[in-house]
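Residue numbers 1 to 320, in our numbering, belong to the letters of the sequence shown in order.
These are calculated hints, taken from the structure and not from any lab test. None of the values given here were measured: they were computed from a predicted structure. Careful, some of the hints might be misleading.
[Stated by the list, open to error] Pairs of lysine-lysine residues, derived as DSS-like cross-links and limited to a Cα-Cα distance of at most 27 Å, are as follows:
hint : residue 1 : residue 2
1    : K73       : K60
2    : K60       : K33
3    : K88       : K136
4    : K5        : K136
5    : K17       : K88
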Amino acid sequence: MRVTKVAVTQAFFGRHKVLRAELLAKYSDVTFKETDSILEGQDLIDFLRGHDKVIMSIDKLSRDVIEALPELKVVSKFGVGMDSVDVKAMADHGVELGWKGGVNKRTVSEMALCYLLSLIRNYPTANLDMRQGIWKRRPGRALSDRTVGILGCGFIGQDLGRILRYMGCTVLAHDIRDHPEYYEETGVLPVSLDELLERSELISVHLPNTKLTRGILSADRLAQMQPGSILVNTARGGLIDEDALLKALESGHLASAAIDAFLAEPTDRQELVNHPNFFSTPHMGGLSEEAVMAMGRQAIAGLDDHRLPSPDWPPDVWED
């Protein structure tokens, strides 16, 4: 009987002793990628060739890659983002998908909350002062009295909205879909994108990177935000015009911003990264130990629990 061959493109998964052992307990023939590089094109084809199933994270599974691998039958996601996968090509070629949304929602919403609190209280700037030998006490504001906008009300956006409502914030939300039960339960207020930009003192972005959302926070939309407001993105790169963001920080239109995901990763936007009112991290919002375990076990389960994705998946929804 032929042994099913599994590939794992996420090196972090292979280095995790528990996840590695749990996967090998189910599948005996597993190829683990050893380097942290992101694979695409011929490099990804070469790595996946001869394998029946793959656990992957952010490697670029394009139509060309899928068409070059007729033996590949299942793709199971380590993580929730699908912007690196050509889902229509998977559907066209009968490749099934193991995926579950919301697995890391609390970990990412905690990071967003941390960013919001840190920026409104001026902690990153104060820390920069301290590193330079400057003792300067910078008064901030209380987050609990603020109006916070949530752009994208999927798993993570809804979780953050609940937390902020418990803290006493006025929370506005904009999403392409309606969530009447959630709004009624939490008191989160659904608004148009224009209203969210114009009324919010802080905005937290929770969108996938799709053709509908790419570049959604353009220069014009950043200009709609309140003077002195704060912008946080713990979702995906490509949602914010990074040149326009730098200009908004330089002009003082935005008081500060924090980003965990960039258009190109690793980012080379050092002028933005080094701006004193900008705080950034290397796309690590979903990487608490608890979330890693949950995502890893879900990815292992997805090797056996999978389905043919809709050619339009995700269709016209913003779900992250």
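For each hint, the structure was consulted:
1. Between K73 and K60 the CA atoms are separated by roughly 17 Å; this keeps the pair inside 27 Å, and the hint holds.
2. Restraint check for K60 and K33: satisfied, since their Cα atoms lie roughly 15 Å apart, inside the 27 Å limit.
3. Our distance criterion of 27 Å between C-alpha atoms is broken by K88 and K136, whose separation comes to about 54 Å.
4. Our distance criterion of 27 Å between C-alpha atoms is broken by K5 and K136, whose separation comes to about 59 Å.
5. A hinted pair counts as satisfied when its Cα atoms are at most 27 Å apart, and K17 with K88 does not qualify at roughly 34 Å.
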